[in-house]
Amino acid sequence: MDDIFTDYTLRTVALGAGTLGIVSGALGSYAVLRKQSLLGDALSHAALPGVALAFILTGSKGQFVLMLGAAIAGWIATLFVAQIVRHTRIKQDSALGLVLSVFFGFGLMLLTFIQQRADASQAGLDRFLFGQAAALLESDVITMAAVGGLAIALMLIFWKELKLLSFDPDFAVTIGFPVRALDILLTTLLVIAIVVGLQTVGVVLMSAMVVAPAVAARQWTDKLAVMVGAAAFFGAISGVVGAYISSREENLPTGPAIVICITCIALLSLALAPNRGLVWSRVRQWRNAHGLRSDAVLADLLALAQQHDEAQHGHSVEVLTAMRPEQGGVARTLRQLADQGFAVSNNAGEWSLTHAGLAEAKRVTSSGQETS
Amino acid sequence: MHNHRERDSRDGSSVSKTAGRAAIEIRDLTVAYQQKPVLWDVDMDVPEQVLMAIVGPNGAGKTTLIKSIIGLVRPVAGQVMVHGKGYGEQRRLVAYVPQRGSVDWDFPTDVLDVVLMGRYGALGWIRRPGKHDRDLALQALDKVGMVDYATRQISQLSGGQQQRVFLARALVQDAQIYLMDEPFQGVDATTERAIVTLLQELRGAGRTVLVVHHDLQTVPDYFDSVTLLNVRLIASGPVREVFTEPNLRLTYGGRVAFLYRDNEDTPDTSATPTIQAAGAALDS
Chain A
914 MDDIFTDYTL RTVALGAGTL GIVSGALGSY AVLRKQSLLG DALSHAALPG VALAFILTGS
974 KGQFVLMLGA AIAGWIATLF VAQIVRHTRI KQDSALGLVL SVFFGFGLML LTFIQQRADA
1034 SQAGLDRFLF GQAAALLESD VITMAAVGGL AIALMLIFWK ELKLLSFDPD FAVTIGFPVR
1094 ALDILLTTLL VIAIVVGLQT VGVVLMSAMV VAPAVAARQW TDKLAVMVGA AAFFGAISGV
1154 VGAYISSREE NLPTGPAIVI CITCIALLSL ALAPNRGLVW SRVRQWRNAH GLRSDAVLAD
1214 LLALAQQHDE AQHGHSVEVL TAMRPEQGGV ARTLRQLADQ GFAVSNNAGE WSLTHAGLAE
1274 AKRVTSSGQE TS
Chain B
616 MHNHRERDSR DGSSVSKTAG RAAIEIRDLT VAYQQKPVLW DVDMDVPEQV LMAIVGPNGA
676 GKTTLIKSII GLVRPVAGQV MVHGKGYGEQ RRLVAYVPQR GSVDWDFPTD VLDVVLMGRY
736 GALGWIRRPG KHDRDLALQA LDKVGMVDYA TRQISQLSGG QQQRVFLARA LVQDAQIYLM
796 DEPFQGVDAT TERAIVTLLQ ELRGAGRTVL VVHHDLQTVP DYFDSVTLLN VRLIASGPVR
856 EVFTEPNLRL TYGGRVAFLY RDNEDTPDTS ATPTIQAAGA ALDS
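Chains A and B, in that order, give the protein sequences.
For this note's numbering, add 913 to where a residue sits in the first sequence, where the first one is 1.
For this note's numbering, add 615 to where a residue sits in the second sequence, where the first one is 1.
The set of hints was computed from the structure by calculation and includes no laboratory data.
Ideal Cβ positions, reconstructed from N, Cα and C, are used throughout, including at glycine.
Treat each hint with caution, since some may be false.
For lysine-lysine, the following DSSO-like pairs were computed, each having C-alpha atoms within a straight-line distance of at most 27 angstroms [what the hints assert, rightly or not]:
(1) B:Lys758 <-> B:Lys746
(2) B:Lys651 <-> A:Lys1136
(3) B:Lys746 <-> A:Lys1073
(4) A:Lys1073 <-> B:Lys651
(5) A:Lys1004 <-> A:Lys948
(6) A:Lys1004 <-> B:Lys746
(7) A:Lys1136 <-> B:Lys746
Partial list, computed: chain B residues near chain A (C-beta under 10 angstroms) [stated by the list, open to error]:
(8) Leu687
(9) Val691
(10) Ala692
(11) Met732
(12) Leu738
Quick look at which bits of chain A chain B covers, simulated, 3 or more residues with Cβ under 8 angstroms [what the hints assert, rightly or not]:
(13) 949-957
(14) 962-970
(15) 1041-1047
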């Protein structure tokens, strides 16, 4: 990947994709924490008619003009959603789905209309569907960095307020913060994050860049600041790697390449992260179950020893199995207890507690009583 | 307007007990969700320095009453005054403890951070909490017995611990009036005792505490005042005056079974009812 530093086009593309990853990763964290993942989807799809209309009205393909069109359309879409939820019985998620498809359909129609015009300048607007990072110019990247940097700066300035809004909006109201205004601020920042990435990733997959970095980051940490930082990092990594892959392959749009990268990061995080990861929680579950199983067998051995008034009296595996008919693996658990030095078997295959096992069994049974 | 006479007499009864000024005045308050009234023409005063329970069956509007005091719910009619002014001007005097279940406890933050949110109102915009705020938050955590949990991730807390964290967040606000929505829900007996002691200390320190409560049994033990609510206001005042069988019957319909016992503490009053709520006190 040395070319990133030498190849001018590739460097521009990688910088652009990295910028979009940082901005959407950081701001997407709030969308995920507020359980508004679908909002990102609706906002990005709704941006398409904005891009098309901006081009029709101005005839310009300048990055800033198209971004402004996308932002305004995204904004109008959220207004529609809010009005639908307020005035009808349609719920938020259905309203988002409705607005998403209507706006996206309208956008596709406008795109077709533009492409049918004889005008040669229309070429390339369809890159907004799946993204085409190769078309990024240095000036585009500067615009993206400026706008995205502004959004990140606002997020940092209002860090405390946005955290409060995300965790406990009712409480925020009672201590006098204008929750409606903060909500508008956060939605605006999310709109900016999406608009920054549209040209590179495309409207169809942009929502993945909002959700996936945040989901991945959440697995690794329990601190909001670390989560936002990690999401920005994951977003940047997948942006750069995805842009690189897509630039090496003819006809591979950048959006899908970036999204595949972030999806891999998210899947790995879901599986492997300590504490929250699926693999580790399975291991923990198994350890707990195993611990409970050996505790149970120890307790049974203790009960038997007390019945017979001597610790060394041996008992067959069958007796112990009969004491816990619902629980398998008694023989294996006994062997493990033997490895730990808590149980021994005699020549007849009968099991009893060792001295250490006796103490351990008493500890287990007494702590069990305390908690129950 | 027609209940002003009633209200005046109620004021009269509370004067004898407390300093006299009302911490919260509620006038003709009506709240409706869609067309369904949740509170209907509620007219009451919460005197200063009381520890008052709000009781009533499910759907009686207890939570709504609290929420309309702090402006979380917009009334159809009526008004609420806090120390004689609208809530907007007085929010620094009021601390609100929402129901535990109202937030996502899997949010990535720790106990100290949640308690510090109680300082956000005093801090205002943009300013971050500093050492002074952290000290106040740790003191509040100490009062609720949770100082050892300051750096604990909030998803690891038990129900009782979550409740105590919310309580600490309210204590940090250093308010005059505390409004709490079911602080005893899902907490163990030890925590309940600890919280009650804390509430009584607050009242002793001159604060006014208003608590949405479900367990009728404990009302006479825990509280000095009570408001009985079932969409309409049934009664509001000192426990020994208004926590009576006829009022409870009015509040809960026929669903309350009463067991009488002789009361040794107050031989002059007729027997204090010990209440077993049949179904009525089971929360939703």
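Status of the hints after comparison with the structure:
no., hint, verdict
1, B:Lys758 <-> B:Lys746, "holds, 18 angstroms"
2, B:Lys651 <-> A:Lys1136, "violated, 42 angstroms"
3, B:Lys746 <-> A:Lys1073, "holds, 16 angstroms"
4, A:Lys1073 <-> B:Lys651, "violated, 37 angstroms"
5, A:Lys1004 <-> A:Lys948, "holds, 14 angstroms"
6, A:Lys1004 <-> B:Lys746, "violated, 44 angstroms"
7, A:Lys1136 <-> B:Lys746, "holds, 19 angstroms"
8, Leu687, "holds, 6 angstroms"
9, Val691, "violated, 17 angstroms"
10, Ala692, "violated, 21 angstroms"
11, Met732, "holds, 6 angstroms"
12, Leu738, "holds, 8 angstroms"
13, 949-957, "violated (count 0)"
14, 962-970, "violated (count 0)"
15, 1041-1047, "violated (count 0)"
The structure fails to meet hints 2, 4, 6, 9, 10, 13, 14, 15 from the earlier list, while all remaining hints are met.
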